[in-house]
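Student: Starting from the known structure of chain A, arrange chain B on it as the hints suggest.
First to last, the protein sequences are chains A and B.
The first sequence begins at 1 in the numbering used here and counts up one residue at a time.
The second sequence begins at 1001 in the numbering used here and counts up one residue at a time.
Simulated from the structure, these hints should not be mistaken for laboratory data.
Any given hint could turn out to be false.
[Unchecked claim] Here are the computed lysine-lysine pairs in the DSS-like style, where the Cα-Cα straight-line distance is at most 25 Å: (1) B/K1594 - B/K1658; (2) A/K58 - A/K222; (3) B/K1391 - A/K56; (4) B/K1623 - B/K1590; (5) A/K70 - A/K202; (6) B/K1623 - B/K1594; (7) A/K222 - A/K112; (8) A/K58 - B/K1391; (9) A/K54 - B/K1391; (10) B/K1506 - A/K202; (11) A/K222 - A/K60; (12) A/K112 - A/K60; (13) B/K1590 - B/K1600; (14) B/K1429 - A/K19; (15) A/K54 - A/K112.
[To be verified] Where chain B lies over chain A, by a calculated footprint (3+ residues, C-beta under 8 Å): (16) 9–23; (17) 27–35; (18) 183–194.
Glycine included, every Cβ here is placed at the ideal spot set by N, Cα and C.
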Amino acid sequence: MNIIVCVKQVLDPEIPPAKFKIDPETKQVIAPSGVPPVISVYDERAVEAACRLKDKHKGKITVISIGSEKASDVIKHAISMGADDGFVLNDAAFENLDSFGTAYVLGKAIQKIGGYDLILCGRQAADWGAGQVGSILAEILGIPVVTLACDIEAVDQNVRVKRIVNDGYEVVEAPMPSLVTVSSEIGLPRLPAGMRLMIARKKQIPVWKAQDIGAEASQLDKGNAHTEITSLTVPTRKTECEIVTGDTLSDAAVNLVSKLAKLI
Amino acid sequence: MSPVSATYWGISGYVIFWVMFIIAFGLFAQRLYFLFRLMALGKQENRFDRIGERIKNMLFEVVSQRCSLKSVTGRDLAGLGHAFMFWGFSFFLISYVVFIGLAEGFGLYPYIMGGTLETIYSSILDIAGLFVIIAIVWAAIRRYVVRPERLEISVEAGVIMIMVFSLMALHFCIEGFGLAGSGDTHDWPPVGAAFARFLSGAGISKSTLIAVSRGTWWLHYALILGFMVYIPRSKHLHVLASGVNILFKPLASKVVLEPIPLEAPEGSVTFGVSKIQDFTWKDLLDLYACAVCGRCHVNCPAQLSGKSLSPREVIHNLKEHLLEEGPGLLAGKAEEFSENQAKNMIGDVVTEDEIWACTTCGACQEVCPVNIEHVRKIIELRQNLVLVQNKMPESAQLMLRNMQTRGNPWAGAQSLRLRGDWTNDMGLKILGECENVNTLFWVGCTGALIERNVEATLSLTRVLKAAEVDFCVLGEAESCCGDPARRAGYEFQFQILAEENIEVFKSYGIKEIITSCPHCYNTIKNEYPMYGGDFKVVHYTELLADLIRQGRLKLTNELNSLLTYHDPCYLSRYNGVYLEPRRVLQTIPKAKLKEMERSKSTTFCCGGGGGHMWIEEQHGTTKINHVRMDEVIKTGAETVVTSCPYCLQMLEEGIEQKGVKDSLKAKDLVEVVEAAMKQS
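Chain B on its own, in the form it takes in the complex:
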């Protein structure tokens, strides 16, 4: 007999069942509605394009648990535990709907229970339950005994673990006492049946067994309902929000920055973000999706080099802030709040130091299981500081002023050249002086202006000429792509540069652009299309790999040396280009390539991205390039090869400052390639 069909103190079990359910569901729905309204406070943003692809992605990520398994390493197996808990619990979730909802609540008991199907499913549940229990115990030991760096001790996590553990334990109790009470002997489901055999042998009366089974059933039911009520009120909101967050993740590029409408009248648009409601709804959904797992925390170069920035804390604090401010905002007190707000979001919730410490390397986003977009939030906060509050580190201001008045970020640097100088005596086609060339080699400010990087530019030019690539350059007419301005929050300057450059490319009929700087590459490839500039953009490493494949470039000179390749973030992580440079290096006879622990899409920043070539690092902290240099040294390589002008500078500085100049050199990939070419 089902527990619900019984009568308790003269009240039908069905009444108790549904009253309990309605109360719990009411609380659940009320909270969800509240959270939804908070989210709707955010600004508009269209993330509903390619919806079929989005759904497919989401289902794949969640069901396969790729989201949590992708970051599993030998040192951090927690993702595996999560996957087992997810799969195991999913079986239980189905059983809650079918065995409890349909069978008990709707009285479909006779059709569902007691058949072979129930026995099979219950057996699956038993095994799933065991997996969940193992995962829970493991998680508890990890969280409270091992205490890895990325996790903070939290009460919420403990409550959830006890709840899930109790659900599993009660499941076995219901089965055990129920089967023992029925008086028959069973072999399936295995755990329940074994427990029942134990109970039968213990000499407990049948009525007691049935009563206990029934009692535990109601307790179990109450716990499930409690779980439902608790989830949206705790950080385990991620159970509900993360799937949705994955659904709306950016599809085209990693960091999506919306253009500011330039023609809008003054005062009608907010620049960047200074209040929680200035974020878009997707930014706010991100906050719900965070499970505070801390993977971002232990992969952030700023955090690992001792800066105050922790992406985990930024997201967590913003969520707390949203929940704190939300009710007031919903009550329509937005005006009042902005006047006498107890907390300024910039300053009290996220500090200026944190905002400026980010190199926009994207390591946080790469490891985030639920696709939170940390980087653009940081950039949007910077936009407000720069465009509205005129508050930024002096070094950032200097760079931005140079961008604005001189069109390059480098003025004042020592080894500075004039823009077109490097083209002297190279016999290059200069755009505007030649015809019928629609491939442009976009050199970038650093490759054109800074002595060390000009060497790499010249090397690339020679290699391209040797491979008979038909290209032209802009020479002294080249400008900045705008990347440093955009990452530092100076959005207008970026947009002005982007529009001017696109205009130039179009006026000369440029179809294809070769870049040597991954930052230019990312900007022109992924961000210019939003401003009407659609060009085929290739990074030179892709081009070289292609030229080698076509046999137009032959690397024949032996290089008897151990190399390691440092992946530039904006090439590997942002754009997935990490196989091509390796393919090129592996073509060189006798070159040995040894990987660093962090490489390819999980590479570690050199410290130069996001405007940090110019923005000073917080005093009293380790320099990010020193952290990376330690990883380079660990490989024992004689040469660290990279393919980004910033990385090259940062690595060389690291070598110098670490005092390993005699045993280690930093080279641009093209310099290694040129040396390996047969000299004619």
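Next comes chain A alone, as it looks inside the complex:
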């Protein structure tokens, strides 16, 4: 069983909230120094799902990530968990792509790798949280997609997915090859164990540029983007506290009610 997992490297969501800064001009996040970026949590669960399938059915897991050269860290992380191979997709043209652009690049890379039975993505990225890449990617590749998986089984030539819905789950089967997006309900990712840490540490991660995967510049042109960020702000949370008083308890209650009445 050949599985390709798409992963993203994101700003560590565990940083103290006060340290989260953005630049409203360029509409970008300013990464604080001294905090290494991490693999997006949902993508890590997708890697875990792939490892569980590999434990059961054998096969090969390939991991790809669009990002800076440092994205090799998340590939190595996936390899330390049990993946076999991985590539970083790094090109100036890949920077700040929207979901469509991202899916296009991933699709090109996946077509280059070829020979897959299953593609796994996280349900959404832990930074922007759009949750679109998986579905668009399946569309580009022309394969079925099942989103929000909490359990994945391979049954004959099909993939049987337990899919999270509002009040429980539903079970969906799709023929392979297909694409599944993985939700956190699948369970904790494994701790990279044994020799795998060392194997991952030594692994050379090849970097593919736009031309290596045959991505066309016109498709990556910012003018062709389907989405545009019009403004970016950090939500401010303000709490004001006022103690309503009165000469007697019932006075205080009356004062409180009249204040509340004004607010409505």
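Tutor: Structure of chain B alone, referenced to chain A:
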């Protein structure tokens, strides 16, 4: 006439003597050989270095009985009894070789017996015998009537006590009947002679007396041989094994963890221990050395707070397991055994709950008279769970994942800071931005990331600057020393961090490292050398004591308050640093220091070691820091001072949860020092 030179039913006594001896010795040697082969199933480990020093240590420990006397307290005097029994019995052991072996067996009777020397030695034996009897009776009362917590009722102990008691009683009988039978009156040896006078007065015929003396001699001989056969088959194997175990005890640090060869091909090395033969031979020797005295049991914080872990049971169960599995393993059925083994060592012999309950505080090892290494066995079992089976409490996994992806164990904690934040506006030299500084202040994850501990870090920085210590820090480039990963069994992550840190230290030419966390201190000082990192490592309490001694730090402000000092395990017990912090506190004018019952090297864990800052305690048990807090409260101190970031957090939590916030504060030692400094 000697009993052996007589003839019995037409058979020479010598024949009977030697036939009996050969049978008994055969059984003794057979068992020892079996035990030796079992031990040899264990993995290799070199404990033969500094052999002269080892022998000296061992002889000193055993002959002086420091091993059993070191844990004697007002409440537990058993070690004293052991010492008397050991010394007393040693005299008898010599007499067995000389008076029975040489004199009787080899017929050197005329040269050895009957002289003044024999009388003197027999008199010593009489007195020794009395001491042994007193010790035995005392032990029996203690074991079966008083029944202290640490001892379990065992048949074996009873058998041995009856045997030793009988040996002593028979010794007096042989002497008494023999002397009475000789017809002369004697004053020496005192007990034998007194008994003889009593017998002479009882009107027993001379021939009866001689016959009884002879009969008891043979009975005595048979009992000694029986004793020899029984010892290696019972828990009293410790009589033979504990001396050897002390000989091979770790010399450099308390807990010796061997590096896993990182470059080995996959599948060629076992990670940690899952089968009894995965232990090293020294680990298996430990099992033989255990006398099930239970000192570890009553000093283990996990056990005392209601967890299922008992170091005594772990060692005892592993020994039983070794003896059970051993014959099959020796018969070369190792493969078969691992396939359909009736018992899984992890799970059936030692449970996962037990393995994860240990805080690695080392209290068990500190009180163990025979230097058993409990802690590393626990860690090796954890290594297997983490590196091979991927089985660990969720809280442990969370911490280890943070170590692996973020290089610190704290991610997700509420009062979290960014790594280099604390250095802001402190005007510190940051390594890489300064030159010619070869002293590094290694802050540690907790001191750099957690709000409360950062206060102590800042305080230490101010104190060091005031004393004009030239140092630099790594700031945001600092990583974790690897301790939490290693104690939780995640050996690879530890080794990766250790190698990276050593590389950094070396690349900047660092010679000396000041640490504020005892865990970093222990790791960098005792464990990094195995990975090629030899640096001078000082804990800040040592440094402060030194600065005060040199007059570079003056504590002049009065502190009219009662303090108690909580020794961090990794500082006091692991590294013997307990005088320096006390010296510092005693320099403060009007500071009164009151000790807790458990202090210095026998301190009691705060509950935060061995990864337990992050690993949840078993539900339904008392929290270890609450047990310690009760001891703190008992002193009546207004401030509990410590010198470890984990301890500080655990003590503060204990104060909060015990509801004694108004009367008790927890402070880091450096905060107390800073307050006592003359403010300029």
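Student: Hint by hint, which ones does this structure get wrong, listed from lowest number up?
Tutor: 2, 4 and 11
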